[in-house]
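Enquirer: The listed protein sequences correspond, in order, to chains Y and X.
Note that the working numbering has the first sequence beginning at 1, numbered continuously upward.
Note that the working numbering has the second sequence beginning at 468, numbered continuously upward.
Take these hints with a grain of salt, some might be off.
Which residues of chain Y face chain X? A partial, calculated answer using Cβ under 7 Å [stated by the list, open to error]: (1) Asp12; (2) Asp21; (3) Val36; (4) Pro39; (5) Gly56; (6) Val79; (7) Gly146; (8) Ser148; (9) Asp172; (10) Lys191; (11) Ala195; (12) Glu257; (13) Ala259; (14) Ser294; (15) Ala439.
Read the hints as simulated data drawn from the structure, not as lab findings.
A virtual CB, placed ideally from N, CA and C, is assigned to each residue, including glycine.
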Amino acid sequence: MAAKTLFEKIWDAHVVRTEPDGTTLLYVDRQLVHEVTSPQAFEGLKLAGRKPRRPGATLAVPDHNVPTTDRKLGIADPVSAKQIRTLEENCRDCGITVFGMNDVRQGIVHVIGPEQGFTLPGMTIVCGDSHTSTHGAFGALAFGIGTSEVEHVLATQCLLQTKPKTMEIRVDGTLSERCSAKDVILAIIGKIGTAGGTGYVIEYTGSVIHALTMEGRMTLCNMSIEAGARAGMVAPDDKTASYIKGRPMAPTGDLWEQAVKAWRALPTDSGATYDKTVELRAEQVAPQVTWGTSPGMVTGVDGMVPDPKAMPDDRARKATERALEYMGLAPNMPITQIAIDKVFIGSCTNSRIEDLRLAASFAKGRKVAKSVHAMVVPGSGLVKKQAEQEGLDKIFQAAGFEWREAGCSMCLAMNADVLQPGERCASTSNRNFEGRQGAGGRTHLVSPIMAVAAAVEGHFVDIRNWK
Amino acid sequence: MQPFTTHTGLVAPLDRVNVDTDQIIPKQFLKTIKRTGLREGLFYDWRKRKDGSPDPDFFLNQPRYQRATILLTRDNFGCGSSREHAPWALLDQGFRCVIAPSYADIFYNNCFQNGILPVVLKTDEVQALFKGVSKEGYTLTVNLDAQTVTTPDGATYRFDIDPFRKDCLYKGLDAIGLSLQHDSAIAAYEKRRSSEAPWLFTDLAAR
Ligand code: SF4
Numbered sequence: 001m002a003a004k005t006l007f008e009k010i011w012d013a014h015v016v017r018t019e020p021d022g023t024t025l026l027y028v029d030r031q032l033v034h035e036v037t038s039p040q041a042f043e044g045l046k047l048a049g050r051k052p053r054r055p056g057a058t059l060a061v062p063d064h065n066v067p068t069t070d071r072k073l074g075i076a077d078p079v080s081a082k083q084i085r086t087l088e089e090n091c092r093d094c095g096i097t098v099f100g101m102n103d104v105r106q107g108i109v110h111v112i113g114p115e116q117g118f119t120l121p122g123m124t125i126v127c128g129d130s131h132t133s134t135h136g137a138f139g140a141l142a143f144g145i146g147t148s149e150v151e152h153v154l155a156t157q158c159l160l161q162t163k164p165k166t167m168e169i170r171v172d173g174t175l176s177e178r179c180s181a182k183d184v185i186l187a188i189i190g191k192i193g194t195a196g197g198t199g200y201v202i203e204y205t206g207s208v209i210h211a212l213t214m215e216g217r218m219t220l221c222n223m224s225i226e227a228g229a230r231a232g233m234v235a236p237d238d239k240t241a242s243y244i245k246g247r248p249m250a251p252t253g254d255l256w257e258q259a260v261k262a263w264r265a266l267p268t269d270s271g272a273t274y275d276k277t278v279e280l281r282a283e284q285v286a287p288q289v290t291w292g293t294s295p296g297m298v299t300g301v302d303g304m305v306p307d308p309k310a311m312p313d314d315r316a317r318k319a320t321e322r323a324l325e326y327m328g329l330a331p332n333m334p335i336t337q338i339a340i341d342k343v344f345i346g347s348c349t350n351s352r353i354e355d356l357r358l359a360a361s362f363a364k365g366r367k368v369a370k371s372v373h374a375m376v377v378p379g380s381g382l383v384k385k386q387a388e389q390e391g392l393d394k395i396f397q398a399a400g401f402e403w404r405e406a407g408c409s410m411c412l413a414m415n416a417d418v419l420q421p422g423e424r425c426a427s428t429s430n431r432n433f434e435g436r437q438g439a440g441g442r443t444h445l446v447s448p449i450m451a452v453a454a455a456v457e458g459h460f461v462d463i464r465n466w467k
Numbered sequence: 468m469q470p471f472t473t474h475t476g477l478v479a480p481l482d483r484v485n486v487d488t489d490q491i492i493p494k495q496f497l498k499t500i501k502r503t504g505l506r507e508g509l510f511y512d513w514r515k516r517k518d519g520s521p522d523p524d525f526f527l528n529q530p531r532y533q534r535a536t537i538l539l540t541r542d543n544f545g546c547g548s549s550r551e552h553a554p555w556a557l558l559d560q561g562f563r564c565v566i567a568p569s570y571a572d573i574f575y576n577n578c579f580q581n582g583i584l585p586v587v588l589k590t591d592e593v594q595a596l597f598k599g600v601s602k603e604g605y606t607l608t609v610n611l612d613a614q615t616v617t618t619p620d621g622a623t624y625r626f627d628i629d630p631f632r633k634d635c636l637y638k639g640l641d642a643i644g645l646s647l648q649h650d651s652a653i654a655a656y657e658k659r660r661s662s663e664a665p666w667l668f669t670d671l672a673a674r
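Using the sequences and the accompanying hints, generate a full structural model.
Expert: In structure tokens form, the structure reads like this:
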């Protein structure tokens, strides 16, 4: 048999049929659903008199709109409340499991899938959300789709897809102490650009990737979409299986044994080839900070805000000028001199228990600067509970961080957590687009411990030699 | 879905790279449970100046582009969030076609689901169209069958498109209806696969 990549094995196992031009009807094992991108899909289904083919292959949760303050008070915004109510009604009508807002299992859709054991290696997983790429950390083919496609999957359990190309991103060497998966992925995006992965599925390989924890791999795969890729993946190994084992929706008994055996056959065969390979040395990765309005506008914390005059062409110069104007930054300013107003630790990129443990270990015994407002938003109700059992909430609160309920929160500011115009935020999320965290708000993407250090000092610092 | 065959329309230029879907339609418009009425959210933050008044420099605020149906823009259009509200808003404003050197994957897909044709032309061809559009009343003719874009002075640029997608858009086909015609193939797949990999078929009971 021909040598295959991880991607090719999963793709081939899910082909239902192929059109003459290669367009493929691909079987979907699991779908995740949230309140923002699903109402029109359920409506379309109803209007056409169709029913979900496999309601038990779908899991739903409200996350984008939910308040992260006291939930007993309900949702102040009637439009948000209606969207969440609509999700619950639609799921009830269709027989789809939904974790309601007051369920301890509620959380960001890309946090709860893995947490519940709903996400498994070798699966095809979709969700009406671009960061579905997160689930690729388990060696699944997971990607975001639009609302019409959500409806398509509900009705048919399949999707029409053109086969993407494959890209290997190999990261070897040794990461400096205090550098993390977040810094690796930001450095990758800085290197290949925000459209560098367009048309590709990325497989991350190399010693650095395999040394990452499952949480780190999720952070990495999460931001594959910021590199333009359709999906990102990491081959499953023993770490993957032990993370999944015993989770509520994971296979058990005989099925578990069969599944693990199949997962061992998933990694890319030696001799298989990719359409493209990119290499990165871990030694070159400094803690990263974005300075602009696109995730590719990024540099090491020891670097400087770029000078548009030094840009190679007209278009790059214009884009840089525009970004600097929006961000209120001067060319050639050292990154460590950028002062911040807010700190957001959360989002499907960095809100898992490991992120919070690490962040808390740096917050311990320190104080958030007077000029800074900082908050921590756990990725799920269960992450929150676990953190509280470990006393992390007390550490954060003693340091002056707010401790919130689970949800997307200020990652996209659809609920009440919003940046004011001109405010500058160090954020552990994944997008620094104009207005993403609030109209006129300015976002700098960083790792959780870089965010803690910035909160304490009131400006960015090089975490590698921080106290 | 409205079929797309041949379309002649007024062109509006958006001379920016990496236009993301947060910009095409900001989050406050995503709370709707409908597909229509999204026009007022289209490029919402770019339509206004800092003080909230309409920005006369932004193309959508200029009378000459009010009836535009073809959006001309730059690389990596539609990156970021998967929100289909982006093509819905473009459609609601009257756009049937976008022309750019490249698109983000999910946005590109979403266009086809809504009867919008995303045309990919070479960077220098797009540049030539940007030159042309400086003339008021600049129109283009987009012929899906021939896969061409033709300028008022007769220059013609060819574009590529997957045959299957082209056919669906040309005929305005309902993709779900098409896939449902393969119901027996799907059922056969499920039967085979559930014996090979039974752990993938332990469905959740609705709770
Ligand atoms: S945390 Fe942010 S990026 Fe992740 S799903 Fe929520 S809004 Fe999207």
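Enquirer: So, against the hints stated earlier in the document, which numbers end up violated here?
Expert: Checked against the structure, the hints that fail are numbers 1, 9, 10 and 12, while the rest are satisfied.
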